[in-house]
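Asks: With the hints as constraints, model all of the structure from the sequences given.
In case you want the letters, here they are:
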Amino acid sequence: MVIVGEKINSSNKLVASALEKRDGKYIQTLAKEQAEAGADYIDVNAGIFGDQEAEILTWLVKTVQAQVQKPCCIDSPNPDAIEKALEVHQGRAMINSITGEKERQQKLIPLVKYHQAKVIALCLGEKGIPETADERVQIASSIIDLLVQEGISLHDIYIDPLVQPIATNPSSARIALEVIEKIMSRYHGIHTICGISNISYGLPSRKAINAAFLTMALAKGLDTAILDPCDPLMLSSLLASEGLIGRDSYGLKYIAAFRKGKIK
Amino acid sequence: MEIIKRIFEELSEGEADKTELLTQEALRQGVSPEIILKEGLIAGMNMIGERFKKGELFVPEVLLAARAMQAGMNILKLRLIQTGVKPAGRIIIGTVKGDLHDIGKNLVAMMLEGAGFEIIDLGIDTAPERFIQEVKDKKPQIVALSALLTTTLPMMKNTMELLRSEGLRGTVKVMVGGAPLTQKYADEIGADGYAPDAVSAVAKARELISLMKIA
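Protein chains in written order, with our numbering: chain A, 1 to 264; chain B, 1 to 215.
Some hints could be false.
Keeping only pairs whose Cα atoms sit at most 27 angstroms apart, straight-line, the calculated DSSO-like set for lysine-lysine is [claimed, not checked]:
#	chain 1	residue 1	chain 2	residue 2
1	B	K38	B	K77
2	B	K157	A	K107
3	A	K13	B	K157
4	A	K102	B	K157
5	A	K260	A	K207
6	B	K97	A	K107
Under 8 angstroms between C-beta atoms, here's a sample of chain B residues computed to sit facing chain A [as the list claims (entries may be wrong)]:
#	residue
7	L64
8	G167
9	P180
Pairwise CB distance ranges, derived in the manner of DEER restraints [as the list claims (entries may be wrong)]:
#	chain 1	residue 1	chain 2	residue 2	range
10	A	Q149	B	E207	28 to 36 angstroms
11	A	N169	B	K38	55 to 63 angstroms
12	A	S171	B	Q133	29 to 37 angstroms
13	B	Q82	A	D145	53 to 61 angstroms
14	A	A212	B	E207	36 to 44 angstroms
15	B	T171	A	E150	45 to 53 angstroms
16	B	L78	A	A212	22 to 30 angstroms
17	A	E126	B	R67	29 to 37 angstroms
18	B	L100	A	K13	20 to 28 angstroms
19	B	S165	A	E36	51 to 59 angstroms
20	B	R79	A	K13	40 to 48 angstroms
21	B	Q82	A	C230	42 to 50 angstroms
22	B	R79	A	L146	54 to 62 angstroms
Rather than coming from a laboratory, the hints here were simulated on the basis of the structure.
Each residue gets a CB set at the ideal place from its N, CA and C atoms; glycine is no exception.
Replies: Next up, the structure:
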């Protein structure tokens with residue numbers, strides 16, 4: 001399982017105020033604790049800063065990578081900000097994200113190629129998020145075809161089914177799970193990714209729902225997730241599930257995590 | 001009144017069918033539509049809103065209660081118009097252009113409707129031009145703009161600017177809301193009000209309307 005640590009996001013008020021003050025220490029603490037908990041990528045987002053987004057995103061990449069030797073997941077719908085951030089990034093970044101929207105594709109594909117970045121593709125078209133799983137798979141397929149035509153490897157593509165809250169749409173989890181299953185069985189070597197915590201918006205004790213959803217998504221083949229690796233229940237569910245679906249032979253990773261006191 | 005109490009209770013439980021039936025029953029018993037609205041439906045939604053704010057209720061429960069309220073409203077609407085009961089005010093609401101999120105916007109719209117406002121919901125991805133056209137056509141007291149994405153916040157500013165350049169700022173108040181918003185941002189773009197949640201949005205709308213009456 002590849003983990004993208006979600007904590008450095010400007011929609012969090014504490015992070016936003018740290019970014020405003022360019023509080024590198026605070027950001028580096030978040031980066032370090034996520035890396036230590038098992039994050040493979042550190043997500044960086046400066047979306048609330050409008051005109052200053054590119055500048056702050058670039059600062060974030062530099063600040064994070066000065067602390068941890070991990071690639072970043074550069075989280076912005078703005079291709080210009082992504083470009084600036086990629087210029088200072090060490091190693092192969094993950095771009096979050098491309099969509100079915102033509103304009104965004106035209107700007108991002110050259111960047112993906114030039115920087116040999118990995119790329120997250122959202123199942124989102126010109127007309128927004130489709131209701132059904134089949135329509136989402138269709139959008140994903142057209143993005144995949146385009147990226148592959150451009151010479152980007154399936155191994156570098158991460159399909160995000162888009163997870164919406166079950167609080168407002170009772171079938172949203174089922175739709176996301178179906179997309180994951182279909183994509184993983186149709187394209188060998190591709191990845192699927194999703195932000196886990198959106199599923200539980202508006203409900204109490206969100207962590208239990210997040211953990212249950214992660215477990216189900218893993219069973220459908222999800223191999224990358226955007227989550228908080230410092231959440232003990234999430235990490236425990238993840239490690240336990242990996243053993244159950246045959247990704248952790250003899251439970252050795254589980255045992256190692258237990259010895260470190262990470263299993264709750 | 002027993003029947004009003006039952007409407008209040010069924011609405012609180014999110015029972016749309018029962019709320020609808022009881023609303024019909026109350027009208028048959030000769031209860032005035034205004035009383036049913038204020039002491040049954042609006043009082044019920046007020047209580048739901050307060051309990052939601054305190055963390056006792058959760059989003060799905062509020063949505064179901066709001067559906068029950070709408071079921072009751074559909075029965076009352078025609079009678080209210082006939083008896084000349086005026087809504088608390090007319091509000092146009094929508095998520096700004098480029099933003100496809102509607103959960104928060106819908107919650108706010110439902111709470112406002114539950115508080116007796118007439119709501120014109122323009123949906124998601126609403127262009128500034130559309131807001132302007134609707135303001136001209138429908139003449140609301142308030143326009144409510146929603147954005148969830150940090151990247152669509154500037155679209156709120158654009159919408160504000162177009163309202164201003166079209167000379168409509170004197171006739172309509174603007175309130176804004178959405179996860180990334182702050183009072184500071186609302187002030188920067190010159191909005192009249194900001195609310196951090198759906199319950200506060202109702203209070204803010206009432207405040208803006210009462211200010212307009214004074215002016």
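Asks: Now tell me, hint by hint, if it's right for this structure.
Replies: The hints, checked one at a time:
no.	hint	in the structure
1	K38/B x K77/B	holds (13 angstroms)
2	K157/B x K107/A	holds (25 angstroms)
3	K13/A x K157/B	holds (21 angstroms)
4	K102/A x K157/B	holds (25 angstroms)
5	K260/A x K207/A	holds (22 angstroms)
6	K97/B x K107/A	holds (21 angstroms)
7	L64	violated (11 angstroms)
8	G167	violated (27 angstroms)
9	P180	holds (5 angstroms)
10	Q149/A x E207/B: 28 to 36 angstroms	violated (56 angstroms)
11	N169/A x K38/B: 55 to 63 angstroms	violated (32 angstroms)
12	S171/A x Q133/B: 29 to 37 angstroms	holds (35 angstroms)
13	Q82/B x D145/A: 53 to 61 angstroms	holds (59 angstroms)
14	A212/A x E207/B: 36 to 44 angstroms	holds (42 angstroms)
15	T171/B x E150/A: 45 to 53 angstroms	holds (51 angstroms)
16	L78/B x A212/A: 22 to 30 angstroms	violated (46 angstroms)
17	E126/A x R67/B: 29 to 37 angstroms	holds (31 angstroms)
18	L100/B x K13/A: 20 to 28 angstroms	holds (24 angstroms)
19	S165/B x E36/A: 51 to 59 angstroms	holds (53 angstroms)
20	R79/B x K13/A: 40 to 48 angstroms	holds (46 angstroms)
21	Q82/B x C230/A: 42 to 50 angstroms	violated (60 angstroms)
22	R79/B x L146/A: 54 to 62 angstroms	holds (56 angstroms)
Of the numbered hints given earlier, the model fails hints 7, 8, 10, 11, 16 and 21; all others are met.
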